[in-house]
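Novice: For this one, chain A is given, so just place chain B with the ligands on it according to the hints.
So the chains spell out like this:
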Amino acid sequence: MKEVALCFLNLFIFIFGWVLLPVLETTFCNVSLKNPLILASGILGLNKNNLLRAQRGGAGAVTIKSVSLEERSGHETPNIAFFEAGMLNAFGYCNPGIEEALKEFSDLSCFEVPVIASCTASNASDFAKLVEALDKLDFAAIELPLSCPHTPGHGLLVGQGTPEATKEIVEACRKKTKKPLLVKINASLPGIAEIALAAEKAGANAITCSNTLGPGMVIDINSTKPVLAFKVGGVSGHAIRPIVVRSVYDLYERIKIPIIGLGGISRGEHVIELLMAGASCVGIGTAIALRGHNVFEKCCNEMLGWMKKHGYKSIEELIGLAHE
Amino acid sequence: MNEFAKHKIKEARILKIEQETPTVKTFELGVSLDAVPGQFVMVWLPRVAEKPFTLIKTGNTIAITVKKRGGFTEKLFQLKEGSYLGIRGPYGKGFTWNGVKKACIVAGGIGTAALLRLVEELAKNKASVDFVADFKTKSEILFKERIEKVANLHIITEDGSFGTKGFCPDFLMGFLKKNEYDKLYCCGPELMMVKVLELCKKFDLKAEFAVERYMKCAVGLCGQCCLDEWLVCRDGPVLSSEQLLKSKEFGKFYYLKSGKKVAIQ
Ligand SMILES: Cc1cc2nc3c(=O)[nH]c(=O)nc-3n(C[C@H](O)[C@H](O)[C@H](O)COP(=O)(O)OP(=O)(O)OC[C@H]3O[C@@H](n4cnc5c(N)ncnc54)[C@H](O)[C@@H]3O)c2cc1C
Ligand SMILES: Cc1cc2nc3c(=O)[nH]c(=O)nc-3n(C[C@H](O)[C@H](O)[C@H](O)COP(=O)(O)O)c2cc1C
Ligand code: FES
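The listed protein sequences derive, respectively, from chains A and B.
When we follow this note's numbering, the leftmost residue of the first sequence carries the number 1, and every step to the right adds one.
When we follow this note's numbering, the leftmost residue of the second sequence carries the number 1, and every step to the right adds one.
Chain A extracted, bound-state conformation (with noise of 0.2 Å):
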């Protein structure tokens, strides 16, 4: 009698919460998420302590900083520079080198959300090293940043940005695992929906979208010089979020492996924005400087918030709908 009593009252409670109350709970390549917000590659992420961090910070996946072949100390500071939409930073992939990091996520098991890897190289065989090392480790999902845009030897730098570098470092890594590959491009170029198609075609399961923008430069104007030691570096926070909305729009429409839109989210609304022009799921970086580590959870709430007055139920409701 008690059983049934209570099974009635839970099919109440899951019945009026259906009705009543949206679920930010979603699934992006065949993983689930309690919500579709992810840490950006190169924010934290440089060890697993740093990665908790967005855990506890409500975060529904992180990532790593992407690790290259060989240690690397990366540009001189200032390694950042702010203006009054964002910030630029040239850090060169500092990083401690896959074998560090081999070691320090050789065991994920303190992590309750998905931990994506992400790795760099010059070339494809390295790419293909790199992702056949990190296949072995229990990462959900690897990325390839083929899209940095102030690191000598990397991305953009490379002439990685490209559909014919695409599909080559695509079509290697594809060999080495079978975890779902993300391709990270850069909304800076023109033809970014050929680049997308090139690696949807040679395998990639998934594109994010977008790394910084740019290069942009920041002059002090009392000392005359750049701000950074680079000179130049990506460009990311508020001023980019409009470019992303555009790319995520236009690639929703040409390819059909699900896409993780990033650039200048830092309030629910606009990862709501987002959703619409036709991401899958929402990487958050600069915003941290911001609105702190729990950037992650004010911005669920948010979303939770507008949903409900607006009457929407489930992220999947939301994605693309700007297309209709």
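No lab work stands behind these hints, which were simulated from the structure alone.
Among the clues, some could well be false.
Claimed, not checked - If the Cβ cut is set under 7 Å, some of the chain A residues that face chain B in the computed set are:
1. T26
2. I43
3. N50
4. E84
5. G86
6. D220
7. N222
8. V227
9. E253
10. I255
11. L290
12. N294
Said to hold, decoys possible - Derived CB-CB ranges, DEER-like:
13. B:S83 / A:E70: 34 to 40 Å
14. B:K202 / A:M217: 51 to 57 Å
15. A:G305 / B:N179: 42 to 48 Å
In this text, all values refer to a predicted model and were calculated from it rather than measured experimentally.
Beta carbons are placed, not taken as given, at the ideal position from N, Cα and C, and that holds for glycine.
Specialist: Okay, now just chain B with the ligands, sitting in the frame of chain A:
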């Protein structure tokens, strides 16, 4: 102000340079800034680098005290009055001293700079302060007159050329046995801070430590300055004894410029 714009570089030309010791200089900079004692700024020398320094003075002008260590600080030491520096900040979490009536401050070398404004604030609140300062040798003693004005200063030199000869944690032991403090504050070489933390635990004394880690962004993005789960640029540089007693890395590991984890010697 706009949330991004507040991090923009501010012009902070050098107004005055004072040679404090053979290896330490104080630079007064022409920029107005308010900050809590213990907070720091990123100091930019164009075409060279940008590095963190604690403020020893705030208000209409600010000041930093710098110990010559490597490339950046050597270049700073060559600058003249009128030279250009840029700053951004203040960053981080400073000291807390609400309700503290009797305090013990423990400083090692250049760490004295991080505690200078704190001791002056404590004095303003009429707290009685025992200030134990540890220096290599007599010529490296810092801020003697300024501290003596507001606290009971006890100087220790490693070679015995001034004050008590010896090692600060040993000396401190005697102090903690004789006195009851509301709080202890400490900044110095990490291995010394570890010893002081052990003493605080032994005497069940609440304490705050100003900690150093390699910094790049100072805004909690790059993760470079991590100490366990804390980011020293954002949650520190001042961390409590409760936090540090839980730490697995304090006194043991830090992260190089590449992010590689290495043992502290
Ligand atoms: C929060 C904080 C406050 C500080 N306040 C002061 C201060 O008031 N006075 C003072 O003299 N020093 C202070 N420092 C240390 C100061 O930043 C370094 O001494 C300085 O950066 C050395 O640079 P360098 O190029 O001369 O030496 P290098 O030869 O490059 O390095 C010497 C040592 O300085 C440290 N260091 C170098 N670069 C950095 C960096 N970007 N971030 C942190 N540490 C670094 C490292 O431990 C290194 O081993 C502070 C550091 C931190 C983290
Ligand atoms: C400090 C910083 C470091 C970054 N490092 C990486 C990186 O290592 N690999 C990568 O793929 N993207 C990197 N990025 C790009 C971000 O992942 C993200 O694509 C971009 O910043 C746009 O999102 P945002 O505006 O939310 O920050 C970095 C961005 C920043 C700000
Ligand atoms: S210095 Fe970048 S997170 Fe602290």
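Novice: Of all the hints numbered above, which does this structure not satisfy? Sort the numbers upward.
Specialist: Hints 1, 9, 10, 12, 15 contradicted; others consistent.
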